[in-house]
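Q: Make a model of the complete structure from these sequences and hints.
If you read the protein sequences in the order shown, they are chains A and B. FYI, the numbering for the first sequence is 1 to 311, going by our numbering. FYI, the numbering for the second sequence is 312 to 502, going by our numbering.
Hints in this document: simulated from the structure, not taken from any laboratory.
Some chain A residues well away from chain B (every beta-carbon gap over 10 Å; in silico):
(1) H37
(2) L51
(3) Q54
(4) F56
(5) N64
(6) S169
(7) G200
(8) A209
(9) S252
(10) A286
Capping the alpha-carbon separation at 16 Å, the derived lysine to aspartate or glutamate pairs in EDC-like fashion look like this:
(11) K4/A / D426/B
(12) K151/A / D316/B
(13) K132/A / E401/B
Quick look at which bits of chain A chain B covers, simulated, 3 or more residues with Cβ under 8 Å:
(14) 83 to 97
(15) 125 to 135
Backbone N, C-alpha and C define an ideal beta-carbon position, used for all residues, glycine too.
Now for the letters of each chain:
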Amino acid sequence: MHRKLGADFGLTARMFLALFLLAVVYLAFVGVLLLLHVSIALIVIVVAVLLVAQFFYSDKLVLNSLHAHLVTAQQQPELFDIIGRLCQITDMPMPQVAVIPSPVPNALATGRNPKHAVVCVTTGILTQLEPKELEAVLAHELSHVIHKDVKVMAMASFFATVAALLVQSGMWFGMFGGFGMGGGYGGGRGRGGGASEGQGMILIILVAAVVWAISFVLIRALSRYREYAADRGSAIITREPAQLASALQKISGSMNRIPTRDLRQVQTANALMIFPAVHMGKGSLAEMFSTHPSLDHRLAKLRELEAELSR
Amino acid sequence: MGFLDSLVGRTRLPKPNEDKVFAMSTALITLQVSASLESTGKVGVVFKALPAGRFDQLMKDTVGMLQVQDTTAPGDALKVEEIKDNLGFEWMVVSGSDFEGLIAALHGVAQGLIDEGLGDCLLASVFPFKQDQRKVYFIYGYKQGTFYPFLPNGDHLRDNAEEMRLAAIVKEDLPVEPNLSSWFPLWGVPV
Numbered sequence: 001m002h003r004k005l006g007a008d009f010g011l012t013a014r015m016f017l018a019l020f021l022l023a024v025v026y027l028a029f030v031g032v033l034l035l036l037h038v039s040i041a042l043i044v045i046v047v048a049v050l051l052v053a054q055f056f057y058s059d060k061l062v063l064n065s066l067h068a069h070l071v072t073a074q075q076q077p078e079l080f081d082i083i084g085r086l087c088q089i090t091d092m093p094m095p096q097v098a099v100i101p102s103p104v105p106n107a108l109a110t111g112r113n114p115k116h117a118v119v120c121v122t123t124g125i126l127t128q129l130e131p132k133e134l135e136a137v138l139a140h141e142l143s144h145v146i147h148k149d150v151k152v153m154a155m156a157s158f159f160a161t162v163a164a165l166l167v168q169s170g171m172w173f174g175m176f177g178g179f180g181m182g183g184g185y186g187g188g189r190g191r192g193g194g195a196s197e198g199q200g201m202i203l204i205i206l207v208a209a210v211v212w213a214i215s216f217v218l219i220r221a222l223s224r225y226r227e228y229a230a231d232r233g234s235a236i237i238t239r240e241p242a243q244l245a246s247a248l249q250k251i252s253g254s255m256n257r258i259p260t261r262d263l264r265q266v267q268t269a270n271a272l273m274i275f276p277a278v279h280m281g282k283g284s285l286a287e288m289f290s291t292h293p294s295l296d297h298r299l300a301k302l303r304e305l306e307a308e309l310s311r
Numbered sequence: 312m313g314f315l316d317s318l319v320g321r322t323r324l325p326k327p328n329e330d331k332v333f334a335m336s337t338a339l340i341t342l343q344v345s346a347s348l349e350s351t352g353k354v355g356v357v358f359k360a361l362p363a364g365r366f367d368q369l370m371k372d373t374v375g376m377l378q379v380q381d382t383t384a385p386g387d388a389l390k391v392e393e394i395k396d397n398l399g400f401e402w403m404v405v406s407g408s409d410f411e412g413l414i415a416a417l418h419g420v421a422q423g424l425i426d427e428g429l430g431d432c433l434l435a436s437v438f439p440f441k442q443d444q445r446k447v448y449f450i451y452g453y454k455q456g457t458f459y460p461f462l463p464n465g466d467h468l469r470d471n472a473e474e475m476r477l478a479a480i481v482k483e484d485l486p487v488e489p490n491l492s493s494w495f496p497l498w499g500v501p502v
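A: Listed below in structure tokens is the structure:
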């Protein structure tokens, strides 16, 4: 009897913890704002509109910013065959497929749900990987789609974006001294003159800055957990984690050889990539602020999965 | 995919739906009468192959089981062919004169994989037919539990009009895949 990879309880627990802590930070943030009688309705609306727009146009935004173009089955027959079979075996609709003309080997998936998903690969990855390795990478990307990562990350970063905007616009208004008027905050209601209102605003900006900083670390942690989850998804779909490990090694190897000028072009969509295009230093502190786990950690995890399947 | 699954990023492969494949035996008559399709005496089942060592014994047992299956009628013995394609998928192509026997063979292969805990790996089974000079395929997707026609027409092109017509003809006999975007092609099918 062959083994099946089930849920990773450690990973699930950490994911819940990150989400729970984010919720705590966000609730505290909203609580403090209510306590100080600050209305941030306008900022919340602005951020909501921004995120909803980003959410609905995530596929087009990414395609445009990366100069990716959609391709047809006639243009990329093998790529379509691999993705088609993965979709059939996972029972999901065929995503749109796009290619980025870049020698840097990388891949990403975006779109708000499986029906509007786009899977994107660079020409570099098509030439450098064997079909089975490419299949493992594409299974990783489809796992991001199956897990609805765009949706989860958009929701998780909602109040962090509010806090960030609050800090930024607060500083901007602070420089001009006028907090109560014209700005994004409905003013400190029930408060007295300009001086105390100014102090209140400084407090709010401090609180928002703390919320921003903490949620930044938590969101990055969540992003790394989702990478592990997509790696596991790839192993569940292909049953060959070693192929993904081999692909990651190849990708990271040529990453370090390619000049940074080339890498900068793909920086915007870093969080969505199978491997971060921006080189990350070794050491746990750097990893804490990174969207992706380090290569060593991912390879170690994939080796565990391979051992589990071969048992 | 439940809400909780996507919240914690868990991939679950759908369970294979194996028994609807038998619907093909009744659809055959409709296809013969209304679309002048004739069986080629072959069927194929395609599934994801595992790396060497994790798979070999099962494949040996499966081939053995299929060859034993028809000892009662020696003239009708099934022939089994194992083919590995360039995408790393394994094909079992079974040939024999009795259509019911072929479907039973497909059932045997699928059930063997499911019993081994490898039901996840099942992709599709393929029924090739002759229509005049060309080949017409009906594909059964195990994860969807539905059939759809596949009519290759040149290099990565399909005869969509005839596919739609065939789907309409058999819709009483077969569970036809309602979602057209899930009519996945199998280019270069070795059946």
